[in-house]
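Chain V is already provided as a structure; the job is to place chain F on it using the hints.
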Amino acid sequence: MIEVNNLTRKYGEKVAVNNISFSVEKGKIWGFLGPNGAGKTTTMRILTGYLPPTEGSAKVAGFDITKEPLKAKKHIGYLPEIPPLYNEMTVKGYISFVAELKGVSGKERKTAVGQAIEKAGLSAVAGRLIKNLSKGYRQRVGIAQAIVNNPDILILDEPTIGLDPAQIIEIRELIKSLRGEHTVILSTHILPEVTQTCDGVVIINEGQLRASGPLEEIQKKFSEENGIYLETEPEISEDELKGVDGIKDVLKSGNGYKLFWEDEEKGTKFLNEFIRSKSLNIKEWKRLSSTLEDIYLKIVASDKGGVK
Amino acid sequence: MKGLWAITKKEIKTYLTSPIAYVLIAVFLLISGYFFYNMIWWFNSQSIAMSRNPYYMRQLNINRFVYEPLFHNISVILLLIFPLLTMRLFAEEKRTGTEELLYTSSVTNTEIVLGKFLGATFVLFVMLLLTGVYAVFGYLYSSPETIPLLMGYLGLFLMGIAFIGIGLFFSSITESQVVAASLSFGMLLLLWVLSWSGQAAGPSLKPILNYLSFFEHFKDMPRGVLNLTDLVYYLSVTYFFLFLTQSYLESRRWR
Numbered sequence: 001m002i003e004v005n006n007l008t009r010k011y012g013e014k015v016a017v018n019n020i021s022f023s024v025e026k027g028k029i030w031g032f033l034g035p036n037g038a039g040k041t042t043t044m045r046i047l048t049g050y051l052p053p054t055e056g057s058a059k060v061a062g063f064d065i066t067k068e069p070l071k072a073k074k075h076i077g078y079l080p081e082i083p084p085l086y087n088e089m090t091v092k093g094y095i096s097f098v099a100e101l102k103g104v105s106g107k108e109r110k111t112a113v114g115q116a117i118e119k120a121g122l123s124a125v126a127g128r129l130i131k132n133l134s135k136g137y138r139q140r141v142g143i144a145q146a147i148v149n150n151p152d153i154l155i156l157d158e159p160t161i162g163l164d165p166a167q168i169i170e171i172r173e174l175i176k177s178l179r180g181e182h183t184v185i186l187s188t189h190i191l192p193e194v195t196q197t198c199d200g201v202v203i204i205n206e207g208q209l210r211a212s213g214p215l216e217e218i219q220k221k222f223s224e225e226n227g228i229y230l231e232t233e234p235e236i237s238e239d240e241l242k243g244v245d246g247i248k249d250v251l252k253s254g255n256g257y258k259l260f261w262e263d264e265e266k267g268t269k270f271l272n273e274f275i276r277s278k279s280l281n282i283k284e285w286k287r288l289s290s291t292l293e294d295i296y297l298k299i300v301a302s303d304k305g306g307v308k
Numbered sequence: 001m002k003g004l005w006a007i008t009k010k011e012i013k014t015y016l017t018s019p020i021a022y023v024l025i026a027v028f029l030l031i032s033g034y035f036f037y038n039m040i041w042w043f044n045s046q047s048i049a050m051s052r053n054p055y056y057m058r059q060l061n062i063n064r065f066v067y068e069p070l071f072h073n074i075s076v077i078l079l080l081i082f083p084l085l086t087m088r089l090f091a092e093e094k095r096t097g098t099e100e101l102l103y104t105s106s107v108t109n110t111e112i113v114l115g116k117f118l119g120a121t122f123v124l125f126v127m128l129l130l131t132g133v134y135a136v137f138g139y140l141y142s143s144p145e146t147i148p149l150l151m152g153y154l155g156l157f158l159m160g161i162a163f164i165g166i167g168l169f170f171s172s173i174t175e176s177q178v179v180a181a182s183l184s185f186g187m188l189l190l191l192w193v194l195s196w197s198g199q200a201a202g203p204s205l206k207p208i209l210n211y212l213s214f215f216e217h218f219k220d221m222p223r224g225v226l227n228l229t230d231l232v233y234y235l236s237v238t239y240f241f242l243f244l245t246q247s248y249l250e251s252r253r254w255r
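Line by line, the protein sequences are chains V and F.
All letters in the first sequence, in the order written, are residues 1 to 308 by the numbering used here.
All letters in the second sequence, in the order written, are residues 1 to 255 by the numbering used here.
In isolation and in its complexed conformation, chain V is listed as follows (with noise of 0.2 Å):
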């Protein structure tokens, strides 16, 4: 849905965005992470076709934004980070001239404002003018503008920023809700919320990509600890476990074990097998990880470290 090559923007001799490549499935919700400054909302514009790249090419929904970006815009909902509103206008009326300016004709145009009105739950305040409504709002009628056109691909750029706690979660589940029918990028710096909706990730620092992905994928490849943790009924002991081939170390945690791998396979193995010999259940048998934030905080530390 989402393929970027090679994307470079500089603003003069500045350089944002620093050759960044990565794609994003249909269907799929995608976090776009980095610290202030790191070239997110660079990328989003170029994305929009708000900005040109520099160098390197961007396809959204299959057309080149810089070579068809009339046809590329037309499947792009975008919330900026400032949600570009019209503070004269009514909710309704607002959303409706989006809906004419993104070309939704005259007889479906009715629907899909009062759709994108009644999704975005704005249907209490859809005649009140948007320069008398609270933050929160005004980020609800943000996303309404995104989404009126139903289009295939919404670029939100911080979408919770700035609003209460109960706020971000109401703005959460409207973009989980999104899940399947659209594909989303969002960028934020807000770990557990991409923990929480995103399906991948991309990371970037000082304009430069650092990971990208699907979660799970970033997460075993930059976890520290190749290993799981298990819980059995009833409880074994430390060394029965260690006796086990391809285990390489056992440390007890909580009312499991955490076990870390010599080799994955073999130890898999092995260890199913142990397990059915003694006809153990299994209570709990997961991949130890690390969380998204300790990938992130390592990442960008190491930037800061110099280490490059």
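Hints are computed from structural coordinates only; laboratory data are not their basis.
Remember, predicted model here, so these are calculated numbers, not experimental data.
Idealized CB from N, CA, C, for every residue including glycine.
There could be a bad hint or two in this list.
Derived list of chain F stretches under chain V, where covered just means 3 residues or more per stretch with a C-beta under 8 Å from a C-beta of chain V [to be verified]:
(1) 10 to 24
(2) 88 to 100
(3) 106 to 112
So these bits of chain F aren't anywhere near chain V, every CB distance computed over 12 Å [to be verified]:
(4) I7
(5) I62
(6) V126
(7) T146
(8) L158
(9) V179
Relative to chain V, chain F alone:
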């Protein structure tokens, strides 16, 4: 072209829902009405004074003594008012970030520029329409010639759209409305006074300065004369500045 219509409608609505247009139209009508009242009063007193002399009576022509100077005065009021009307067109969108919506929608820059131009032209049209009262007044109590009146209005309209073109351009290059208004006001004043320095400029420069001056091209219209050069002048100034605006928008995205 759907985008053009959407933007035109939005601009008109914005003018109608914000106080700016109403205030400017009110000020415009107040001042132009004041001029009209004074001219009619003067014309009336002259008519009474000369009513005993048939030769002078024949010289008194309401088109020449009321409408012609009135049109000139109105053109100056428009010059003073239009920078204020056009200053927000692009500058405000830039400041509030709404331009990001326009430039990421599937509308072309040309549609955006023309939409905004037509929105402001609508206000010009309303202003001129409201001054129609002065013409109606003339028809009720006297018998003005129709062609010079219509030509006067055509001249004001042409001059007005050129003002809008210039205002639109200066609004597109800054995010400060005050800067936009100052620049377009300066530009309009310059184009107004060019012919003055034409007197001192010597024979080679004089025709050029005269040609460039806004009001030189307006002179003949309220007298009922339409010169092709005048028509071409106003239309090309308008086109030039719209083109400049469009090119600027195009280049801005590539910088």
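Against the structure, the hints:
1. 10 to 24: As far as the stretch 10 to 24 of chain F goes, the hint holds, because 5 residues have Cβ atoms under 8 Å from chain V.
2. 88 to 100: holds (count 5)
3. 106 to 112: Contact hint for the stretch 106 to 112 of chain F vs chain V: holds, 3 residues under 8 Å.
4. I7: The assertion about F/I7 is violated, with a minimum of 7 Å to chain V.
5. I62: Holds, since 43 Å exceeds 12 Å.
6. V126: It holds; F/V126 is separated from chain V by about 19 Å at its closest Cβ, greater than 12 Å.
7. T146: At about 40 Å from chain V, F/T146 clears the 12 Å cut-off, so the statement holds.
8. L158: Correct as stated: the minimum Cβ-Cβ distance to chain V is 30 Å, above 12 Å.
9. V179: holds, 21 Å
Of the numbered hints stated above, the single one contradicted by the structure is hint 4.
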